[in-house]
Amino acid sequence: DAKTTQPTSMDCAEGRAANLPCNHSTISGNEYVYWYRQIHSQGPQYIIHGLKNNETNEMASLIITEDRKSSTLILPHATLRDTAVYYCIVRVVNYGQNFVFGPGTRLSVLP
Amino acid sequence: DTGVSQDPRHKITKRGQNVTFRCDPISEHNRLYWYRQTLGQGPEFLTYFQNEAQLEKSRLLSDRFSAERPKGSFSTLEIQRTEQGDSAMYLCASSLEAYTGELFFGEGSRLTVL
Chain E
1 DAKTTQPTSM DCAEGRAANL PCNHSTISGN EYVYWYRQIH SQGPQYIIHG LKNNETNEMA
61 SLIITEDRKS STLILPHATL RDTAVYYCIV RVVNYGQNFV FGPGTRLSVL P
Chain S
1 DTGVSQDPRH KITKRGQNVT FRCDPISEHN RLYWYRQTLG QGPEFLTYFQ NEAQLEKSRL
61 LSDRFSAERP KGSFSTLEIQ RTEQGDSAMY LCASSLEAYT GELFFGEGSR LTVL
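Protein chains in written order, with the working numbering: chain E, 1 to 111; chain S, 1 to 114.
Derived from the structure by calculation, the hints contain no laboratory data. Be aware that one or more of the hints could be misleading.
[As the list claims (entries may be wrong)] Derived list of chain E stretches under chain S, where covered just means 3 residues or more per stretch with a C-beta under 8 Å from a C-beta of chain S: (1) 43 to 56; (2) 99 to 108.
[Unchecked claim] Heads up, simulated DSBU-like pairs for lysine-lysine below, C-alpha to C-alpha not over 35 Å straight-line: (3) S:K71 <-> S:K11; (4) E:K3 <-> E:K69; (5) E:K52 <-> S:K14; (6) S:K14 <-> S:K57; (7) S:K11 <-> E:K52; (8) S:K57 <-> S:K71; (9) E:K52 <-> E:K69; (10) S:K57 <-> E:K69; (11) E:K3 <-> E:K52; (12) S:K57 <-> E:K52.
[Stated by the list, open to error] According to the in silico footprint, chain E covers these stretches of chain S (three or more CB under 8 Å from chain E): (13) 77 to 84; (14) 102 to 109.
For glycine and all other residues, C-beta sits at the position ideal for the given N, C-alpha and C.
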C-alpha cells in the first residue's frame, strides 16, 4: 500500500503557482520523498525528490516540513501542459525497493 | 532516441492467447522494472531486475506471467493464456544503481484482451 495520501484532484489557473500537498506521516528517517507526474497516455515522468531539505530544479520546488510528515510540490507558473496526474511516493534510495504509486492528484490547469 | 522504448505500443488479442512485450532500457541502466496500470489507478509494481537477475516479484505476477532479462539489457514480459482482467497498460522503467534511484519510464504497451 502507498504510504502517502494526496487529494484526488485540484484545479489551478494558468500562470499561477500550483501547490500540490502530500501527507506521509509514517515516513522513516531513511525514506526520500519523490514526485512523478503522468500526462495522459504517457509513462510517468520524474519531477523531483528530497530527504529533508527543500529542493528546486527547473521543473518544480519541493517543500518538506521540518517533521517530514508532509510535503508540497510547487509548480511556480503552471501551464496547460502541466495538466497531469501527480504522484507523491516515499522510498528508501538505492535499496532496490520498488516505487509504490498511489492514485495521485489529478491537476487540471485551466486557461 | 535514448529513452526507454517499449514494443508493441498497442496489442489486441483474444482471450487465451499468449502475448509478449519487449522493453529496451536506457543503455547504461542496470535496473529494470515492470509495472501494470489500469484505468484511473497508479502504476502497480510487477517485477524488478538488477542486470539479468530477477530480484523481486509482486504477488500480482501470477504463474501466467513471466519476465526475463537474459543478458542484462532488454527485457521481455510474457503473459500466457490471457484473460480479460489482463487488459492494462504495461510500463517498463529503468534506472542506474546510483544515489538518486530515479526511474525513467517508457511510453508503455497497452494490452486489450477481447
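Next item on the list: Against the earlier hints, flag every one the structure doesn't satisfy and list their numbers going up.
Entry: Hints 5, 7, 13 are the ones this structure does not satisfy, whereas the remaining hints hold.
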